[in-house]
Amino acid sequence: MNFDHIDIVQSLIDGVLFGSVYALVGLGFTLIFGAMHKLNLAYAASSIAGAYIGLASITIFAVPTVIAFLVGPLAAGLVGLLIYISCFQFMPRNNMLAPLMASIGALFFIDELIIDKTAGSPITFPVLLPDAYFPVGEFGFRGDLLFVTFASFVLMGVIVFMLYRTKMGLATRAASQQPVASLLCGIPTHRTNSTVFVLAGVLGGVAGCLAAAAVGVLSPLLTLPLTVKGLIVAVIGGLGSIRGAIAAGFMIGALENLFLLFRGVNERDIYVFLVLFLFLVVRPNGIFGTSIDRD
Amino acid sequence: MSHSTLKNLSLAATMALAFASTSALAETTINIAGWGAKSGPLRSFGVNSEAVMKAAVARVNETGGIKLKDGSKAKLAFKYHDSACNAEQAIAVARKVASESNALVGIGPTCSGAAAAMFGVFQKKVGDAGDTGLQFPILTDTAVRNGLAKISQWTFRNTPNEPDMYDKLWAWVAANHPNLKTIYGGTETDQGHSNGTYSKVIVQAATRHGFKWSKGNIEGLSGKLASGFKNVLASSSNWLQADTNFSVQARAFRRSGADIYIISSHPFTTCGMLKELKRQRATPKLLIGLTSSSSQEVMKGCAAEAEGMIIPTSFAPITDMAKEVAALANKNGGDADLHSAAAWENVMIIKQVMESVGVTGQASMVQKERRMIRDGLEALTTTNGLIGKVTRVQDEGEALKPYVFVQAKAGNWVVIHDPR
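Here the protein sequences come in this chain order: A and B. Just so you know, we're using our numbering here: the first sequence kicks off at 71 and counts up by one. Just so you know, we're using our numbering here: the second sequence kicks off at -5 and counts up by one.
Because the hints were derived from the structure by calculation, they are not lab data. Some hints here could point you the wrong way.
Claimed, not checked - Cut-off 35 Å, straight-line C-alpha distance, at most; resulting in silico cross-link-like pairs (DSBU-like, lysine-lysine):
hint: 1; chain 1: B; residue 1: Lys206; chain 2: B; residue 2: Lys218
hint: 2; chain 1: A; residue 1: Lys187; chain 2: B; residue 2: Lys90
hint: 3; chain 1: A; residue 1: Lys187; chain 2: B; residue 2: Lys206
hint: 4; chain 1: A; residue 1: Lys187; chain 2: B; residue 2: Lys403
As the list claims (entries may be wrong) - The following residues of chain B were derived to be distant from chain A, with all beta-carbon distances above 10 Å:
hint: 5; residue: Thr23
hint: 6; residue: Val41
hint: 7; residue: Arg53
hint: 8; residue: Tyr74
hint: 9; residue: Ala86
hint: 10; residue: Ser95
hint: 11; residue: Ile145
hint: 12; residue: His203
hint: 13; residue: Gln243
hint: 14; residue: Lys269
hint: 15; residue: Gly302
hint: 16; residue: Ala321
hint: 17; residue: Asn406
hint: 18; residue: Val409
As the list claims (entries may be wrong) - Here are a few chain B residues that face chain A, going by a calculated C-beta distance under 8 Å:
hint: 19; residue: Ser33
hint: 20; residue: Leu234
hint: 21; residue: Arg245
hint: 22; residue: Pro261
hint: 23; residue: Arg273
hint: 24; residue: Thr277
hint: 25; residue: Gly295
All residues carry an ideal CB built from backbone N, CA and C; glycine is no exception.
Whole structure, please, built from the sequences with the hints as guidance.
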């Protein structure tokens, strides 16, 4: 493939903008991990499920598109709560494997449910700002992805505010750092954790709807790549680090596009995984991650 | 009611029941099997094939069923299995059907990769005592990648011949758009059909008809089937089946300056790519697509962006029979397209072959009759297709199907050239 500096810069721009979708998904992974020190692998699936439910509200009840963007996140929050109840709440606290495996089961369950209900066919999703494309000299910026980028920063701000400026956030941090001590202090850890799952679910629903709107199509094919990319982003950002997830999301989006440009689509993901491997070896706590000892 | 009346009624009921059960016992059923992707992202292919197959089997039974060797009639029954789009699963289904059921013939599977692997476990040459591969006739409806049936003498296909269709398509483009000279394209490289057809068939046919790669010559590309295909892929701007971001590829298309863009992929990424091309104001003079994208999924997903795209297809509702099959498929919860419509034709071909070779429907004769059906399939020279006569390529087990060229216009696939 022949390319010049314009291609390189434009690929970086597109990659960073598309990385905002990865950042939002990574944010959800990191939020749940930050609260429970456990991975919810069904997270991206619940985000896509939320987007499907939002889309169903348009096709079945003919609600305005903007309502679908509200229904989707709310539905994803509810799915998040169900995942918490079914895969996490009743699992022994010190058993790391059981909820992980249960959430993998939930991932495939949601995926197959979507495939069954849609016959696996892609379905058109309302596109946000379909004609918004801002050319700047030789370069161009997609309006919808600029909006997603803006949304991811706003959501990051909201989450940071909730975690550091509200009682719920205080309880979440306490339950995360000292679960037994916080329980002894009267903090309802299950309620706190379930609230985090709902919050992360809502966030995922926003990400799912925005990702579907950016692509213009909803398909079960979206679930696994978003899961994998979201996990990579959360790990490279530092599991539990909100700003790390955002930074890693943009970084992975940009690198992915550069690898695609330089090495072609077949090698693109090889290099993305290589970056993950390098981080795990050189900086296992991620860009902004810090190790926290638990009781 | 008197005691004797009750007695008489009971007697009559008992006799009626006995007669009914004797009739039921006497009714022979001929079984066939179908399999395809009924789970996973390509589930719609299996759903469509099953819907069409169900309609075809119902039609056979409504019109008297299968005429057996002794002149009596038997009902046709089918069971549809899920082989996903997975080689191991397709092989497992084939083994199970061949060894555990009395199905006389199979129809499937969906994906070319699964079909290639599955055909590999069948006996290569009929009658080779040293080859213990499966001895069970298959007449594939969907898996379309070029040249698969010759893997085994037990495997036959009734799928469109893409090399022939794209050869005629590019000849038609050259004749009708003489001002268009250059091409550029891309494919989903992790999908065997898209990728193989693109690099070995579509670009080759374009080259044969004088179209030039817009970014200079591709080493080894001569226009001969599969020539320099690795370099074709390396020179193209490709993507994966699950990709959602096409910005780099669309920019490469735009900067290629080609007159004609080739998008060889299935509906999901075809729509993603077309949307990105539109966003980046990449406006080719002509768009050529992959056969599998001539479906309603593209029209539902990106009709506006696909406007003008031309695709060759072996199915369009342009005859009364094709229209009827399309309606029946919808009634059964599926769509008739170039892949699934073949399931109808296959059931009718199987009925014709069973009646010509004279099956008995007896359990003890299953293996012998499977061989007879295989021989019958091999002997066919032509069959009746939904849009015209189908010629069998006898030494390869393949078909040469009639085709039309369709173009996306205002949310529909419209026939723009009908060479039948």
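Status of each hint after checking the structure:
1. Taking the CA atoms of Lys206/B and Lys218/B, the gap is about 15 Å. The hint holds against a cut of 35 Å.
2. As the CA atoms of Lys187/A and Lys90/B are separated by approximately 28 Å, the hinted pair is consistent with the 35 Å bound.
3. This hinted pair does not check out: Lys187/A and Lys206/B have alpha carbons roughly 44 Å apart, beyond 35 Å.
4. Our distance criterion of 35 Å between C-alpha atoms is met by Lys187/A and Lys403/B, whose separation comes to about 29 Å.
5. The claim that Thr23/B is not at the interface with chain A holds, since no C-beta of that chain comes within 10 Å of its own (minimum 29 Å).
6. The non-interface label for Val41/B is inconsistent with chain A: the shortest C-beta to C-beta separation is roughly 5 Å, within 10 Å.
7. Non-interface status of Arg53/B relative to chain A is upheld: no Cβ of that chain comes within 10 Å, the nearest being about 23 Å off.
8. Every CB of chain A lies more than 10 Å from the CB of Tyr74/B, the least distance being 14 Å, so the non-interface label holds.
9. Annotated as non-interface, Ala86/B keeps its C-beta farther than 10 Å from every C-beta of chain A; the closest such distance is 19 Å.
10. Distance check for Ser95/B against chain A: the nearest CB is about 25 Å away, which clears 10 Å, and the non-interface claim stands.
11. Ile145/B, annotated as away from the interface, keeps every beta carbon of chain A farther than 10 Å; the closest lies near 26 Å.
12. Consistency note on His203/B: stated as away from chain A, and its beta-carbon is indeed over 10 Å from all of that chain's, at 25 Å minimum.
13. Not every CB of chain A is more than 10 Å from the CB of Gln243/B (nearest about 8 Å), against its label as outside the interface.
14. For Lys269/B, the shortest C-beta to C-beta distance to chain A comes to about 5 Å, within the 10 Å cut-off, and the non-interface label is violated.
15. Remark: the non-interface label on Gly302/B is consistent with the geometry, its nearest Cβ contact in chain A lying 18 Å away (cut-off 10 Å).
16. Against chain A, the non-interface label of Ala321/B holds: every CB pair exceeds 10 Å, the least being about 18 Å.
17. No beta-carbon of chain A is positioned within 10 Å of the beta-carbon of Asn406/B; the least distance is around 16 Å.
18. Against the 10 Å criterion, Val409/B stays outside the reach of chain A, whose nearest CB is about 24 Å from its own CB.
19. For Ser33/B, the shortest C-beta to C-beta distance to chain A is roughly 6 Å, which falls under 8 Å, so the interface hint holds.
20. Among the interface hints, the one on Leu234/B holds; its C-beta lies about 6 Å from the nearest C-beta in chain A, closer than the 8 Å criterion.
21. The closest approach between the C-beta of Arg245/B and any C-beta of chain A is roughly 6 Å, which is under the 8 Å cut-off, so the hint is satisfied.
22. Interface hint at Pro261/B: satisfied, since its Cβ lies 6 Å from the closest Cβ of chain A, which is below the 8 Å cut-off.
23. The closest approach between the C-beta of Arg273/B and any C-beta of chain A is roughly 6 Å, which is under the 8 Å cut-off, so the hint is satisfied.
24. Checking Thr277/B against chain A: minimum C-beta separation of about 14 Å lies over 8 Å; hint violated.
25. Hint status for Gly295/B: holds, given a least beta-carbon distance of 5 Å to chain A, under 8 Å.
Checked against the numbered hints given earlier, the structure breaks hints 3, 6, 13, 14, 24 and satisfies all the rest.
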